[in-house]
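Chemist: Sequence:
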Amino acid sequence: MSSTSPLSSPCGAPPVRLTWRPATAVWLLSLWLAVGGNLPLWLRVNELAGTAAQRLALLGGFGLVVVGVTAALLSLLAWPRVFRPVATALVLVSAFNTHFMLQYGAVIDPTMMANIVQTDVREVRDLMSWDLPLTVLLVAGLPLWVIWRRPLAMRSWLPQTGRNALGALIGVVVVVAATLAAYQDLASLMRNNKALRYMVNPVNTLYAGVRVAMDQLPKHIQPLKPVGEDARLGASYVGQDKPPLLLLVVGETARAQNFGLNGYARNTTPALTRWQAEEGLVNFSQVQSCGTNTKVSVPCMFSPLTRTQGGDQTPEHENLLDVLQRAGLAVLWIDNQAGCKGVCARVPNASTLDLKIPGLCDGGECLDPAMLDGLDARIAALDPVRRARGVVLVMHQMGSHGPAYYKRASPDRKPFMPECTSNTLSDCPPDQLVNAYDNSIAYTDHFLDLSLQWLKAREKSGANATGLIYMSDHGESLGEKGLYLHGVPYALAPKQQTHVPAVVWLSPGLQRRSGVGTECLRAQADTPVSHDHLFHSVLGLMDVQTMAHEAALDMLAPCTSAQARTLGSIQR
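With numbering that gives the first Met the number 0 applied, the sequence shown closes on residue 571, and no number is skipped along the way.
Just so you know, the hints here were simulated from the structure itself, not pulled from any lab data.
Keep in mind that the hints are not guaranteed to be accurate.
Stated by the list, open to error - Under the rule of at most 27 Å between Cα atoms (straight-line distance), these lysine-lysine pairs were calculated in the BS3-like manner:
hint, residue 1, residue 2
1, K241, K455
2, K193, K494
3, K480, K494
4, K459, K241
5, K355, K413
6, K193, K480
As the list claims (entries may be wrong) - Here are the computed distance ranges between Cβ atoms for each label pair:
hint, residue 1, residue 2, range
7, W453, T118, 42 to 52 Å
8, A379, E228, 37 to 47 Å
9, W453, R190, 51 to 61 Å
Backbone N, C-alpha and C define an ideal beta-carbon position, used for all residues, glycine too.
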């Protein structure tokens with residue numbers, strides 16, 4: 000407390016308000032953030048430590064590093080008009096991070112930060128629980144009360160600049176000293192557990208925010224690089240009687256492990272199993288996602304770049320839909336999620352947000368079958384010239400988006416009961432949590448069944464030669480290794496978040512025009528593929544001729560009969 004703040008004032012003079020010396024406020028807040036604001040970090044370090052001596056060294060050494068880093072940053076901001084709002088923001092960020100780390104095992108890395116920026120109201124609502132305000136109150140209540148009860152003491156700018164610089168220097172010295180003192184244990188810990196760096200509050204959020212800004216802002220300013228400028232429709236479009244209609248279903252949060260077609264103990268996919276046995280549907284069992292969240296995976300699925308080429312980064316190139324549209328096809332994106340992440344920005348698109356369909360759209364969101372409502376009319380409204388050549392329709396599911404899995408299926412289609420109905424997943428009995436998630440997978444099976452029936456009816460009516468490709472964007476953790484939801488950094492992600500389901504169904508008409516045979520596809524169904532293959536597989540299936548198409552990444556190419564294609568192509 001500042002020595003210039005007496006407990007009383009001379010008679011007749013107004014009382015002098017108690018203030019904090021900047022250095023005192025900085026170090027007290029740094030200690031609080033390091034301890035109370037980093038509870039998930041210390042619990043994790045405690046789990047990883049071996050002996051009691053190692054635990055003491057890690058908690059003490061790492062703790063001082065966190066205190067020093069935080070104090071160095073706060074010292075640079077220890078100005079009377081700056082400190083309180085900045086400190087308030089950092090305390091609240093730490094409190095919110097603490098909640099989500101404890102509840103879901105999340106870490107705050109640049110990818111997670113980018114995902115947070117694009118989260119919509121529906122997703123935020125599903126993450127709300129009574130534990131959230133309680134955690135915020137416990138972590139942030141006392142420091143916020145102190146911060147706003149006593150402001151920093153006012154000093155002239157030049158002396159305060161020197162004090163701030165000295166405080167930052169002392170913070171750096173503490174970091175260096177603590178690191179050297181516990182170097183052996185700290186080096187081993189960080190080398191083997193890289194995710195810990197994303198658990199240090201609130202530095203993780205500051206780092207992630209800066210990285211996202213530096214990565215995305217320049218790319219948003221620059222125009223996208225064109226892809227497939229030579230794109231044209233191939234010979235299969237000459238004299239066609241039934242234009243192709245391909246439905247791409249972008250799944251949400253479905254993991255292959257709980258997909259009945261992949262050998263799961265429960266038959267969560269009874270309809271697809273029937274389509275597999277009777278209608279030629281093919282299940283691809285070894286599919287790897289490009290990311291562990293929608294923000295990364297959806298753009299990567301449609302990117303011309305593979306993951307290793309940078310497909311998982313902020314897009315710099317046009318995508319699959321741009322190439323299809325450039326070739327002359329009609330393209331339509333229908334979204335039942337938090338947007339298309341920029342993929343559909345240059346093609347016709349629609350959302351279910353404004354739909355009011357009884358039984359399908361209640362509580363401010365729609366179940367996935369709502370995307371089928373009025374679908375024929377939506378297609379009829381597309382450019383007639385393009386539509387006459389062919390249509391590629393994309394549906395972006397709500398799917399199995401958590402944590403409110405129980406909302407993802409209608410009450411009459413929940414075969415696995417009782418189910419978890421809480422957003423605090425760690426409070427649910429494991430079997431009830433799995434029941435809720437499996438019900439969402441079963442409802443995706445129902446939605447895909449309805450979609451396949453619609454496609455089959457379109458072909459039977461003579462309107463189109465039809466097909467469907469379903470592929471999930473990423474998987475999900477349901478408590479394995481203490482993790483819930485998704486978004487773990489890809490290099491550290493468990494297979495539950497990266498092994499995803501995918502199916503392909505081609506009508507007899509589309510098989511004939513593409514030359515892709517079902518029996519051959521079944522023989523290829525256990526071949527490892529990934530999101531990298533979607534861009535090239537769709538171009539090949541739709542007979543779009545372009546140098547951007549790579550046959551080696553076309554998962555359908557091995558089953559294309561040589562006689563089905565000619566070397567010629569036409570400009571449409």
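Chemist: Does each hint fit the structure? Answer for all of them.
Modeler: How the hints compare with the structure:
no. : hint                    : result
1   : K241 - K455             : 13 Å, holds
2   : K193 - K494             : 18 Å, holds
3   : K480 - K494             : 12 Å, holds
4   : K459 - K241             : 11 Å, holds
5   : K355 - K413             : 23 Å, holds
6   : K193 - K480             : 16 Å, holds
7   : W453 - T118: 42 to 52 Å : 31 Å, violated
8   : A379 - E228: 37 to 47 Å : 30 Å, violated
9   : W453 - R190: 51 to 61 Å : 53 Å, holds
In the structure shown, a violation is registered for the earlier hints numbered 7, 8, in ascending order.
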